[in-house]
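S.K.: By this note's numbering, the letter at position 113 of the sequence shown is numbered 113, and the numbering carries on one by one without gaps.
Since the hints were derived computationally from the structure, they do not count as laboratory data.
Okay, the calculated beta carbon distance ranges per label pair: (1) I61 x E111: 15 to 25 Å; (2) D75 x Q49: 35 to 45 Å; (3) H22 x Y51: 14 to 24 Å; (4) R100 x K64: 20 to 30 Å; (5) S82 x K110: 18 to 28 Å; (6) D52 x M107: 16 to 26 Å; (7) K64 x P12: 21 to 31 Å; (8) P48 x D75: 40 to 50 Å; (9) R114 x I61: 20 to 30 Å; (10) P12 x M112: 25 to 35 Å; (11) P73 x K45: 39 to 49 Å; (12) M69 x L28: 13 to 23 Å; (13) M112 x Y31: 15 to 25 Å.
Glycine included, each C-beta is placed from N, C-alpha and C at the ideal position.
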Amino acid sequence: MKDYSNTKGMDPSIFTYPQNFHLTVAMLSLYSQEAQEQATAKLKKISPQIYDILGTRTLLIRLKGFDTMADDPSDVHVGYTSVEEVGGENRLQKLCEFLREQFNEWMPIKEMDRNLKIHATIFNTKSRKTEGEGDRGRGRGGRRRFPTPAPPIPPTPNPPFNPFNPFKPFNPFNPFNPFNPFNP
Numbered sequence: 001m002k003d004y005s006n007t008k009g010m011d012p013s014i015f016t017y018p019q020n021f022h023l024t025v026a027m028l029s030l031y032s033q034e035a036q037e038q039a040t041a042k043l044k045k046i047s048p049q050i051y052d053i054l055g056t057r058t059l060l061i062r063l064k065g066f067d068t069m070a071d072d073p074s075d076v077h078v079g080y081t082s083v084e085e086v087g088g089e090n091r092l093q094k095l096c097e098f099l100r101e102q103f104n105e106w107m108p109i110k111e112m113d114r115n116l117k118i119h120a121t122i123f124n125t126k127s128r129k130t131e132g133e134g135d136r137g138r139g140r141g142g143r144r145r146f147p148t149p150a151p152p153i154p155p156t157p158n159p160p161f162n163p164f165n166p167f168k169p170f171n172p173f174n175p176f177n178p179f180n181p182f183n184p
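From just these sequences and the hints, can you work out the full model?
M.R.: So this is what it looks like as structure tokens:
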């Protein structure tokens, strides 16, 4: 990363830590301990249906490619990898749709009108660490946690990241390199 420190928006704090890597199904606003406990109870309540959808078998997935949530590839705030189910039984899609429906009944989800895009976020500039902050930025990974409510945070500049500069043409991890062994 240090070789690319002059790249627009490059900062290690925007990348998802491996231990926090996850699939995004829906965005819920669980700002209180009570809301978190209710969400946990909801998951426990619907766990029999989850087992039915999965057929009590392990669900294997494959991470595939790299894409951004931006029209201009040099002006990106979120980069992600697509997720596909190994075996193609469509259990992952069914599970994610079921979870969204269940949580939407309990707590309306703003993005319910959008098509479900199962993905794993690689970087998000909202996680950018700014001077004087802890290990992470103000994004989802860096908010102050419970029980004390966080004070209002004044807006700060959040420059986008150009993820394509660091990817040299023959870098084996460049998702756009036709010789990349990880490309489909």
